[in-house]
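Each chain is listed here by its residues.
There are 2 protein chains.
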Amino acid sequence: PSAVVQAVARTGPLYIKMHDNDNVAIVVNDGGLPAGTEFPGEFVLKNRVPQGHKIALIALSEGAPIIRYDVVIGYAVRAIEQGSWIEESLVRMPPARELDGLPISTRVLPPAAALEGYTFQGYRNADGSVATRNILAITTTVQCVAGVVEHAVKRIKDELLSQYPNVDDVIGLEHTYGCGVAIDAPNANIPIRTLRNISLNPNFGGQTMVVSLGCEKLQPSRLLPEGAIPIQNGPYIVTLQDDVHVGFESMITAIMDMAKLRLQALNLRTRETCSAADLVVGVQCGGSDAFSGVTANPAVGYATDLLVRAGATVMFSETTEVRDGIDQLTSRAINADVANDMIREMAWYDDYLKKGGVDRSANTTPGNKKGGLANIVEKAMGSIVKSGTSAISGVLAPGEKLKQKGLIYAATPASDFICGTLQLAAGMNLHIFTTGRGTPYGLAAVPVIKVATRDDLARRWHDLMDVNAGRIATGEATIEDVGWELFKLMLEVASGRKTWAEHWKLHNALTLFNPAPVT
Amino acid sequence: PSAVVQAVARTGPLYIKMHDNDNVAIVVNDGGLPAGTEFPGEFVLKNRVPQGHKIALIALSEGAPIIRYDVVIGYAVRAIEQGSWIEESLVRMPPARELDGLPISTRVLPPAAALEGYTFQGYRNADGSVATRNILAITTTVQCVAGVVEHAVKRIKDELLSQYPNVDDVIGLEHTYGCGVAIDAPNANIPIRTLRNISLNPNFGGQTMVVSLGCEKLQPSRLLPEGAIPIQNGPYIVTLQDDVHVGFESMITAIMDMAKLRLQALNLRTRETCSAADLVVGVQCGGSDAFSGVTANPAVGYATDLLVRAGATVMFSETTEVRDGIDQLTSRAINADVANDMIREMAWYDDYLKKGGVDRSANTTPGNKKGGLANIVEKAMGSIVKSGTSAISGVLAPGEKLKQKGLIYAATPASDFICGTLQLAAGMNLHIFTTGRGTPYGLAAVPVIKVATRDDLARRWHDLMDVNAGRIATGEATIEDVGWELFKLMLEVASGRKTWAEHWKLHNALTLFNPAPVT
Ligand SMILES: [Ca+2]
Ligand SMILES: [Ca+2]
Ligand SMILES: [Ca+2]
Ligand SMILES: [Ca+2]
Ligand SMILES: [Ca+2]
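Protein chains in written order, with our numbering: chain L, 167 to 685; chain Z, 167 to 685.
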């Protein structure tokens with residue numbers, strides 16, 4: 167983005183205009199700006215404008231397009247004077263872009279110069295994937311076993327883990343699927359393949375073990391069918407209903423005995439020098455504000471371009487947050503197949519929301535609006551920039567596993583937990599998460615680097631946020647500076663440096679996307 | 167049920183026929199019975215019949231009705247000889263009963279003699295409800311805060327709980343709702359009221375505290391609006407995004423400080439003698455087999471009748487497991503309003519399943535079938551008997567809170583976790599769970615009494631199952647015996663005696679029923 171930062175002095179009034187064609191800009195200053203604030207030679211503020219909220223840079227007549235990111239984010243509900251606060255209720259949202267007649271592969275940039283020589287210390291897997299952490303995962307076929315697995319994981323941590331110094335952690339892959347669900351419904355393939363592919367995440371080193379109940383709908387053979395299982399050195403399933411188990415302790419002992427074998431195998435893994443091309447990065451945003459699309463997300467977009475140049479894989483996601491920019495994406499699709507796959511995912515989600523009686527506007531939150539985002543169009547323009555500028559080389563449907571490198575659109579809901587869960591299933595080994603309002607997000611399976619969009623958040627949450635992109639708004643750093651900083655931090659974290667979420671052991675539950683009914 | 171137990175000797179071949187009109191019966195013996203087994207004067211088994219599976223008591227011609235529980239559970243796919251195993255594939259499932267023209271209040275039994283003098287030691291709440299445990303609950307508006315709450319709960323348990331000896335536990339009410347969801351969709355009222363009403367469960371004594379992020383869709387004022395909050399001695403909300411929080415430790419300290427106030431208040435609670443009428447019991451089954459409807463569920467049904475006679479509240483649930491017996495329920499409805507409310511819930515669920523491309527037959531599991539249940543009709547007949555014989559005096563839609571006593575149909579999915587979560591929201595203070603295949607189910611908020619349907623399960627899972635109803639199948643105990651045993655155990659557990667799930671601290675996550683889209 168060609169952002170113009172109106173940043174003469176750190177203490178003076180500041181606004182950011184994202185594109186020459188924009189007729190609005192957002193206020194940078196902490197606490198906002200009072201009515202009467204002068205932007206010399208331009209205008210005087212008619213109202214108090216909160217931080218992150220929009221100022222009318224020119225007078226707008228009723229029905230005039232309101233332009234930000236060079237995109238019509240809405241229309242003026244009534245005439246708006248120059249220098250006024252464009253509060254959310256003054257913006258009439260445009261209808262969603264039709265999905266026919268989209269530009270296909272019209273703006274595909276030629277590949278940028280390869281970025282060579284960047285490496286990290288990772289764990290190589292037999293299947294060619296690379297891990298950033300060395301984790302024993304205990305996957306589950308059904309929620310029924312969750313309490314037992316939780317008990318066993320605690321025992322394994324307390325009694326076994328210290329004997330295997332090369333293993334970072336033991337985690338239970340607990341979830342709410344597996345039984346009491348319509349497992350043969352048309353959309354049930356989504357949660358099933360999600361669970362299957364999570365079990366195969368690179369960080370688990372092909373040593374994932376399975377705890378099954380026995381009578382559940384999601385039988386182990388359905389979760390991990392023959393051929394879909396690169397999991398090594400079988401047998402690897404403990405079934406609680408097996409006749410051999412007499413008493414609770416027998417179940418725990420069986421899980422712990424199997425865990426010992428897996429820990430022995432995992433403990434043989436050692437970090438070795440891997441190319442930056444072995445990174446599989448999932449990017450997303452959550453708790454967004456008007457700065458998300460100005461500071462953190464553009465910096466992530468810059469890092470995305472660096473990763474693609476280095477030969478890595480980057481997934482961007484969040485269907486309702488790219489829906490309004492679908493023309494920007496189809497025009498960057500490397501070929502018509504990729505563009506059509508993206509259109510298919512948008513159409514599927516339009517239909518899914520419609521069946522539930524809503525549309526893409528159901529995405530925005532009170533926090534988004536408080537943070538200055540008038541509607542989903544404005545939010546989407548700020549979200550989509552995480553994808554950088556490279557050609558889009560592939561599309562994943564929800565829960566599918568990656569089969570290629572480069573920049574990939576991994577279709578997921580925008581929900582932070584569902585998006586993270588689906589990116590884990592795709593094979594992510596590093597996660598980047600930007601936030602403006604602030605959220606203590608974390609995942610147990612891969613490190614999460616959290617990027618603050620604002621100085622104030624980075625200051626207050628100094629031991630939760632890993633990177634402060636707020637310096638971009640105040641002119642202390644450029645998008646390029648923070649993009650490079652992020653890129654280098656990714657290599658360090660991939661090599662073992664802990665993020666704040668890891669330091670505090672903060673993580674959220676896996677959350678499946680199940681568009682099919684429960685029973 | 168007028169079960170005929172063919173139980174001459176503990177070691178001989180045994181079958182159970184549920185009703186005089188039945189033309190099939192199920193095999194009782196552990197391990198099933200081999201081909202050639204003789205039932206003297208009746209027939210010789212044509213095939214091996216697994217335990218719990220059906221024998222044809224007479225020869226059935228192609229298309230003949232197969233009758234169990236005096237109900238047509240299906241039609242013979244081909245001619246079946248007397249003494250044959252009626253394997254699942256030989257049973258053609260009948261269509262669902264139409265929802266018009268149902269019998270309304272035609273079989274309402276007069277109230278049975280009141281059962282007086284049964285009491286337990288409970289905690290009385292200001293709103294008239296009674297608790298069976300004394301628990302500090304920390305509810306959450308959104309999953310974003312789950313990691314922080316988990317960290318805080320651990321600290322509270324380690325550092326504070328022992329100073330408040332009258333408090334049993336501290337639990338985080340974590341869930342996957344609150345943001346990234348279509349919160350204004352037509353069906354979003356279900357998960358929202360569920361979370362609201364769980365916060366008000368009697369076991370939390372009106373001292374529930376709230377941890378909010380700040381920017382989430384489910385704002386605290388929406389979770390617990392003014393007037394819906396009997397929660398006492400406010401302010402009771404910690405908001406992580408509040409400006410006052412600088413650093414992670416500040417959030418944890420704020421939660422712990424508030425927890426101290428709540429623990430002080432809860433610690434003043436003491437058990438006092440309460441009438442059995444103060445019990446609010448939720449009954450459900452999970453991991454069912456053919457014995458569920460023969461042993462455990464009829465015993466629960468007997469106990470249900472005792473509870474109703476004692477003036478208590480009993481909820482039965484699991485819509486797909488009563489759908490095929492809806493005529494039995496509408497005929498027991500105390501009036502036409504109650505019958506129509508039940509019909510409304512059935513119709514809603516039919517439609518919900520249809521939208522997802524399935525019907526009520528999506529309920530059954532591989533374990534059900536392995537256990538002898540041919541289809542959802544047969545399973546439903548065994549499930550519905552948990553409701554006993556009393557008049558049905560009210561209906562709750564999913565997530566609603568109880569407003570009356572007696573026997574209530576609380577409409578929920580059959581999914582163990584979703585059913586348990588919705589019964590918690592209704593105000594349950596004791597949970598009864600029957601299982602044939604076996605599941606280590608538990609809830610953090612209320613005690614769960616688990617009832618095994620079979621001797622073999624009760625023997626192997628001796629430290630997970632609280633009651634063995636399998637003795638009914640072998641003739642060692644009657645339905646009445648086990649029903650009374652359960653009733654008396656309920657009073658003991660309600661008074662503080664720990665269940666096996668509590669002993670091992672086994673519990674499953676809250677699982678919301680959210681029929682609305684995610685974003
Ligand atoms: Ca987002
Ligand atoms: Ca997100
Ligand atoms: Ca059931
Ligand atoms: Ca159930
Ligand atoms: Ca507990």
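Derived from the structure by calculation, the hints contain no laboratory data. One or more hints might be untrue.
[Unchecked claim] Each computed DSS-like pair below joins lysine-lysine, with the alpha-carbon atoms no more than 25 Å apart:
| id | chain 1 | residue 1 | chain 2 | residue 2 |
| --- | --- | --- | --- | --- |
| 1 | Z | Lys-664 | L | Lys-671 |
| 2 | L | Lys-671 | Z | Lys-521 |
| 3 | Z | Lys-426 | L | Lys-323 |
[Unchecked claim] Listed next, with one range per pair, are the computed distances between beta-carbon atoms:
| id | chain 1 | residue 1 | chain 2 | residue 2 | range |
| --- | --- | --- | --- | --- | --- |
| 4 | L | Glu-438 | Z | Lys-521 | 47 to 57 Å |
| 5 | L | Arg-244 | Z | Arg-263 | 55 to 65 Å |
| 6 | Z | Lys-520 | L | Ala-502 | 34 to 44 Å |
| 7 | L | Asp-266 | Z | Ala-262 | 38 to 48 Å |
| 8 | Z | Lys-569 | L | Pro-269 | 50 to 60 Å |
| 9 | L | Lys-567 | Z | Asp-517 | 51 to 61 Å |
| 10 | Z | Lys-520 | L | Asn-506 | 50 to 60 Å |
| 11 | Z | Pro-260 | L | Ser-328 | 54 to 64 Å |
| 12 | Z | Asn-332 | L | Ala-292 | 52 to 62 Å |
Keep in mind that this is a model prediction, so the values were computed, not measured. Beta carbons are placed, not taken as given, at the ideal position from N, Cα and C, and that holds for glycine.
Check your understanding: Within 54 to 64 Å or not, the Cβ separation of Z/Pro-260 and L/Ser-328?
Key -> Check passed, 59 Å falls within 54 to 64 Å.
Point to revise | Z/Lys-520 paired with L/Ala-502, Cβ distance criterion 34 to 44 Å | key: holds (36 Å)
Exercise for review: Just tell me: holds or violated, for the beta carbon distance of L/Glu-438 and Z/Lys-521 against 47 to 57 Å?
Suggested key: holds (51 Å)
Review point. Falls inside 55 to 65 Å, the C-beta gap from L/Arg-244 to Z/Arg-263?
Key: With a Cβ separation near 57 Å, L/Arg-244 and Z/Arg-263 satisfy 55 to 65 Å, so the hint holds.
Point to revise | Agreement of L/Lys-671 and Z/Lys-521 with the hint, judged by alpha carbon distance not exceeding 25 Å | key: Violated. L/Lys-671 to Z/Lys-521 sits at ~40 Å, over the 25 Å cutoff.
Practice item. Take the C-beta atom of L/Asp-266 and the C-beta atom of Z/Ala-262, compute their distance, and say whether it sits inside 38 to 48 Å. Key: Given a distance of about 40 Å, which is inside 38 to 48 Å, the answer is holds.
Check your understanding: When you take the CB atoms of L/Lys-567 and Z/Asp-517, is the distance between them in 51 to 61 Å?
Key -> Distance hint for L/Lys-567, Z/Asp-517 is violated at roughly 35 Å.
Check your understanding: Within 50 to 60 Å or not, the Cβ separation of Z/Lys-569 and L/Pro-269?
Key -> holds (58 Å)
Check your understanding: Between Z/Asn-332 and L/Ala-292, does the C-beta distance stay in 52 to 62 Å?
Key -> Cβ of Z/Asn-332 to Cβ of L/Ala-292: about 56 Å, so the range 52 to 62 Å holds.
Exercise for review: For the pair supplied as a hint, Z/Lys-664 and L/Lys-671, confirm whether the alpha-carbon distance does not exceed 25 Å.
Suggested key: violated (31 Å)
**Study point:** Range hint compliance [Cβ, Z/Lys-520 to L/Asn-506, 50 to 60 Å]
**Key:** violated (30 Å)
Check your understanding: Does Z/Lys-426 pair with L/Lys-323 here, judged by a C-alpha cut-off of 25 Å?
Key -> violated (30 Å)
In this structure, the hints that do not hold are numbers 1, 2, 3, 9 and 10, in rising order.
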